[in-house]
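Q: Chains as they are written, first to last, in this note's numbering: chain A, 1 to 252; chain B, 1001 to 1522.
Calculated from the structure, these hints are not laboratory results.
As the structure is a prediction and not an experimental result, all values here were calculated from the model.
Heads up, a few of these hints could be off.
The calculated SDA-like cross-link candidates involving lysine to any residue, where the alpha carbons are at most 25 Å apart (straight line), are [claimed, not checked]:
#, chain 1, residue 1, chain 2, residue 2
1, A, Lys227, B, Ala1127
2, B, Lys1092, B, Lys1404
3, B, Lys1433, A, Glu156
4, B, Lys1404, B, Gln1201
5, A, Lys227, B, Arg1441
6, B, Lys1301, B, Phe1311
7, A, Lys194, B, Asn1444
8, A, Lys194, B, Glu1095
9, A, Lys194, A, Thr111
10, A, Lys236, B, Gly1208
11, B, Lys1175, B, Gln1260
12, B, Lys1411, A, Glu56
13, B, Lys1433, A, Glu226
14, A, Lys148, B, Gly1096
15, A, Lys214, A, Trp130
16, A, Lys46, A, Asn19
17, A, Lys227, B, Phe1093
18, B, Lys1330, B, Ala1294
19, A, Lys227, B, Leu1415
20, B, Lys1235, B, Glu1204
21, A, Lys227, B, Ile1109
22, A, Lys214, A, Lys76
23, A, Lys76, A, Ala99
24, B, Lys1092, A, Pro143
25, A, Lys227, B, Asn1413
26, B, Lys1288, B, Thr1369
27, B, Lys1458, B, Gly1168
28, B, Lys1235, B, Ile1193
29, B, Lys1404, A, Arg237
30, A, Lys148, B, Asn1444
31, B, Lys1433, A, His155
32, A, Lys227, B, Glu1091
33, A, Lys227, B, Trp1442
34, B, Lys1277, B, Asp1293
35, A, Lys227, B, Ala1408
36, A, Lys28, A, Arg43
37, A, Lys236, B, Gln1201
38, A, Lys76, A, Ile191
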Amino acid sequence: MSPTNVVKPGTKPVQPASNVKTLQIDGKDFSARPEETILDVARQNKIFIPRLCELEGLSDVGACRLCLVEVKGSNKLLPACVTRVYEGMEVTTNSPRLAAYRRMIIELLFTERNHICSVCVSNGHCDLQWMAQKLGLTHVHFPYRYPKANVDASHERFVIDHNRCILCTRCVRVCDEIEGAHVWDVMGRGIDAKVVTDLNEAWGNSETCTSCGKCVHVCPTGALSEKGHAVAEMEKRRHFLPYLTMMRESQE
Amino acid sequence: MSGVEEPIILLGRNDIEKLLSRHLCAGLIGFRRFRDCGVVEGQEHIVAERRTIVIDPVTRIEGHSKITLHLNEEGQVYDAQFHVTQFRGFEKFCEGRPFSEMPALMARICGICPVSHLIASAKACDALLAVRIPPTADKLRRIFGLAQVVQSHALSLFHLSSPDILLGMDADPAKSNIFGVLEKNPQLAKDGIALRKFGQQIIERLGGKRIHPAWVVPGGVSDPLTADDRDAILKTIPDALAIAERSIVWLKGTIEGFRQEIASFGNFPTLFMGIVKPDGGLTFYDGKIRFVDASGTLVAKDLDPADYQEFLGEKVEPWSYLKSTYYKPKGYSEGVYRVGPLARLNVADRCGTPRADQELAEFQELQRTAVLSSFHYHHARLIEILYCIERMESLLNDPEILDKHVRAIAKANALEGVGAAEAPRGTLFHHYKIDEQGLIRWANLVIATGQNNLAMNKSVLQVAKHYVKGEKITHGMLNRVEAVIRAYDPCLSCSTHAAGQMALQIQLLSPDGAVLDEVVRN
Ligand code: FES
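Looking at chain A on its own, in the form it has when it is part of the complex (with noise of 0.2 Å):
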């Protein structure tokens, strides 16, 4: 990846508004500005890319790769939230090889974890679940790795249940960018990766969370949760997340 094609987290340069960039999108011709990313002019634009890690509001890091687009002259496929638009770009943001990888990628997150939706506090209020359903996934063609994943409660109202996490990192990215805390990371590499509270210390034990729950709302799955929820009970709510970046960029 060339950096100069990604976003740094949290900073969008503001650039001459003549600098317009044109592209076609499926076929479509629209115009974007320099520093936006193909995902960007998608969103404006109603055109649908399936997405697990973006979350409007936050940084862009591309952990989910659910957003891969084609482009023309290019033969890697290219995740649109962390790809930049350049003249000329021809993108397609749907095609049987798309569908097929996005597919295959939901898969993998299933596999990878003990994701037993009916049983799950998010049951029915899921992005994971929704993208699974909305892509037409109907089968998992992988073996499932079933791996010992724990829960921990020992936080007074939150619960972290890493059977369901999918490492989209939104509740890190939430933690830094907008409360400022810094509470989550991620630990370990590959398949042993998790994410951790502090150094990997009970939540319950954690100097530096405020407790706002701001994690709990971004997460796309049932990872994190309020405690007390019973099954498919517990909804998450994000409206604060525009409305907190909105209120803070009028401020600078």
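Let chain A serve as the given structure and place chain B with the ligand on it in line with the hints.
A: Only chain B with the ligand this time, still in chain A's reference frame:
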């Protein structure tokens, strides 16, 4: 009896196929004998040897199981075992889960009676929260449970057992199902279907989803009842009552024809256990436990369900995944007790609703002692259906029922909790221990079918001794052995909702154990 079991063939392939077509879901029907009984080779010796008859799986029950009948040299049954061959291990895999997930998780144990598990589990969680749930929530849960009993009993009686009762135990197996009933007595079949639907629809209205509703939560229920839903349910009650009345008349009319079955279907002295209200009335939701003996005398009363470990012993037999439960003070062999409809009507002083009480009085006339024959489970089921409908009507007419306060919010305040309720098949206990974080450390479930296990085994033996004779096994014999199991309506959770799709296996085994032929249907 030691030694290696070595299967040999008794039936020809054609016979096996005939048996297969008769038993909609019958699987392995094998005949075995023990090697250490003497002569080894050849079919001609079979009569002089001890043999074992295996019925696997048992049909028209909810779950996977098989029956083994041991024959002696004279071809008479000397022992019988009812094996539960499925193992689900719910107690193990809920360890480490937050307790607030338990009701919905536990509801997954069973597709037929999820509501009972929901209720028992939520009650155990109430105990963990150490709260008293709002009165309206209590009433709504009761209605939910009663609706569940109606639908479950209707399924057992009409869909699974009415073919035996209406068409006879020896009827053509191809017709021994709800479609055969539809042909012979369309009204009865339609009534059965309508009654089940009645119960299902109430569950759906309250819980939002027919199977596995997650409406019952720790501390109460998640949503109050709306006036519209209440009125809609109330409207369906008169029809349901009429069906229950008609069905009781029908069932009572058939009893004469089953004298032999009544005498041999688990007709022996045991204890009976059930939860009753403080006044001794029938209840499905809350109360104290009673035991009566075969003479109908109270053996124990006012036992707190939370102390179940003090009076119930559990034993695991090597031949089954099902734990056998017994009444501790009397010991393993004397402490056999039954639960479920028959037991509840034997322990209760009254139902507490007018029509059901009339029927109960008549039921108690069947025998001067406690009603002993498990054949009467069917009759008891209908009386309970009547009670449930009457009781739901009065609960729904309670002005408090629409109250919006239906959930007590609390954190875990106790580290251990027991919840008990009367499920359609009998008393159900959920017992959880949690750590300070609220994660399940340990769970124990005592399920009705386990409590009936010893009695079921004795019943199978009694029926088999009475009906299975000589070496020719007729469909009528096999069917009676299965029918007695059906009378208990064991829920072995839970693979038979779709009979046509059940995996099915028949094996023909040679004397040296080689598979000669095999029929597998998926
Ligand atoms: S949304 Fe682009 S990688 Fe997740």
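Q: Now, for every hint given, state plainly whether the structure supports it.
A: Evaluated hints:
Between Lys227(A) and Ala1127(B), the direct Cα distance comes to roughly 17 Å. Compliance with the 25 Å bound is thereby established for this hinted pair. For the suggested pair Lys1092(B) and Lys1404(B), the alpha carbons sit about 37 Å apart, so the restraint of at most 25 Å is broken. About 19 Å separates the Cα atoms of Lys1433(B) and Glu156(A), which keeps this hinted pair within 25 Å; it holds. For the hint pairing Lys1404(B) with Gln1201(B), the CA-to-CA distance comes to about 22 Å; that is within 25 Å, so the pair holds.
With a CA separation close to 17 Å, the supplied pair Lys227(A) and Arg1441(B) stays within the 25 Å bound. For a cut-off of 25 Å, the pair hint linking Lys1301(B) to Phe1311(B) stands: about 11 Å separates their Cα positions. Among the hinted pairs, Lys194(A) with Asn1444(B) is inconsistent with the structure: their alpha-carbon atoms are about 32 Å apart, more than 25 Å. With a C-alpha separation of about 21 Å, the suggested pairing of Lys194(A) with Glu1095(B) holds against the 25 Å cut-off.
For a cut-off of 25 Å, the pair hint linking Lys194(A) to Thr111(A) stands: about 15 Å separates their Cα positions. Straight-line distance between C-alpha atoms of Lys236(A) and Gly1208(B) comes to about 21 Å, which keeps the hinted pair within the 25 Å bound. Taken as a hint, the Lys1175(B) and Gln1260(B) pair is honoured in the structure, with Cα atoms around 22 Å apart against an allowance of 25 Å. Taking the CA atoms of Lys1411(B) and Glu56(A), the gap is near 34 Å; set against the 25 Å cutoff, the hint is violated.
Taking the CA atoms of Lys1433(B) and Glu226(A), the gap is about 21 Å. The hint holds against a cut of 25 Å. Among the hinted pairs, Lys148(A) with Gly1096(B) is consistent with the structure: their alpha-carbon atoms are about 11 Å apart, no more than 25 Å. Taking the CA atoms of Lys214(A) and Trp130(A), the gap is near 21 Å; set against the 25 Å cutoff, the hint holds. At most 25 Å may separate the alpha-carbon atoms for a hinted pair to count; Lys46(A) and Asn19(A) meet this at roughly 23 Å.
Distance hint between Lys227(A) and Phe1093(B) is fulfilled; the C-alpha atoms sit about 20 Å from each other, no more than 25 Å. With a CA separation close to 14 Å, the supplied pair Lys1330(B) and Ala1294(B) stays within the 25 Å bound. Taken as a hint, the Lys227(A) and Leu1415(B) pair is honoured in the structure, with Cα atoms around 16 Å apart against an allowance of 25 Å. Restraint check: the Cα-Cα separation between Lys1235(B) and Glu1204(B) comes to about 15 Å, which is no more than 25 Å; the hinted pair holds.
With a C-alpha separation of about 24 Å, the suggested pair Lys227(A) and Ile1109(B) falls inside the 25 Å cut-off, and the hint holds. For a cut-off of 25 Å, the pair hint linking Lys214(A) to Lys76(A) is broken: about 35 Å separates their Cα positions. Proposed proximity of Lys76(A) and Ala99(A) is supported: the alpha carbons are some 15 Å apart, at most 25 Å. For the given pair, Lys1092(B) sits about 23 Å from Pro143(A) by alpha-carbon distance, which is consistent with the 25 Å threshold.
Taking the CA atoms of Lys227(A) and Asn1413(B), the gap is near 14 Å; set against the 25 Å cutoff, the hint holds. Between the alpha carbons of Lys1288(B) and Thr1369(B) the distance comes to roughly 22 Å, so the proposed pair stays at or under 25 Å and holds. Proximity of Lys1458(B) to Gly1168(B) is assessed by CA-CA distance (about 23 Å); at most 25 Å being required, the pair is judged to hold. Only pairs whose Cα atoms come within 25 Å are accepted, and Lys1235(B) paired with Ile1193(B) is accepted, the gap being roughly 18 Å.
The hinted pair formed by Lys1404(B) and Arg237(A) meets the criterion: a straight-line CA distance of about 24 Å does not exceed 25 Å. For the suggested pair Lys148(A) and Asn1444(B), the alpha carbons sit about 22 Å apart, so the restraint of at most 25 Å is met. Taking the CA atoms of Lys1433(B) and His155(A), the gap is about 19 Å. The hint holds against a cut of 25 Å. The suggested pairing of Lys227(A) with Glu1091(B) holds, with an alpha-carbon distance near 22 Å, which does not exceed 25 Å.
Of the pairs offered as hints, the one joining Lys227(A) and Trp1442(B) holds, with about 19 Å between alpha carbons and a cut-off of 25 Å not exceeded. Between Lys1277(B) and Asp1293(B) the alpha-carbon distance is near 19 Å, which keeps this suggested pair within the 25 Å criterion. Between Lys227(A) and Ala1408(B) the alpha-carbon distance is near 14 Å, which keeps this suggested pair within the 25 Å criterion. With a CA separation close to 14 Å, the supplied pair Lys28(A) and Arg43(A) stays within the 25 Å bound.
Annotation: proposed proximity of Lys236(A) to Gln1201(B) is violated, straight-line Cα distance about 30 Å (limit 25 Å). About 24 Å separates the Cα atoms of Lys76(A) and Ile191(A), which keeps this hinted pair within 25 Å; it holds.
In summary, the numbered hints that this structure violates are 2, 7, 12, 22, 37.
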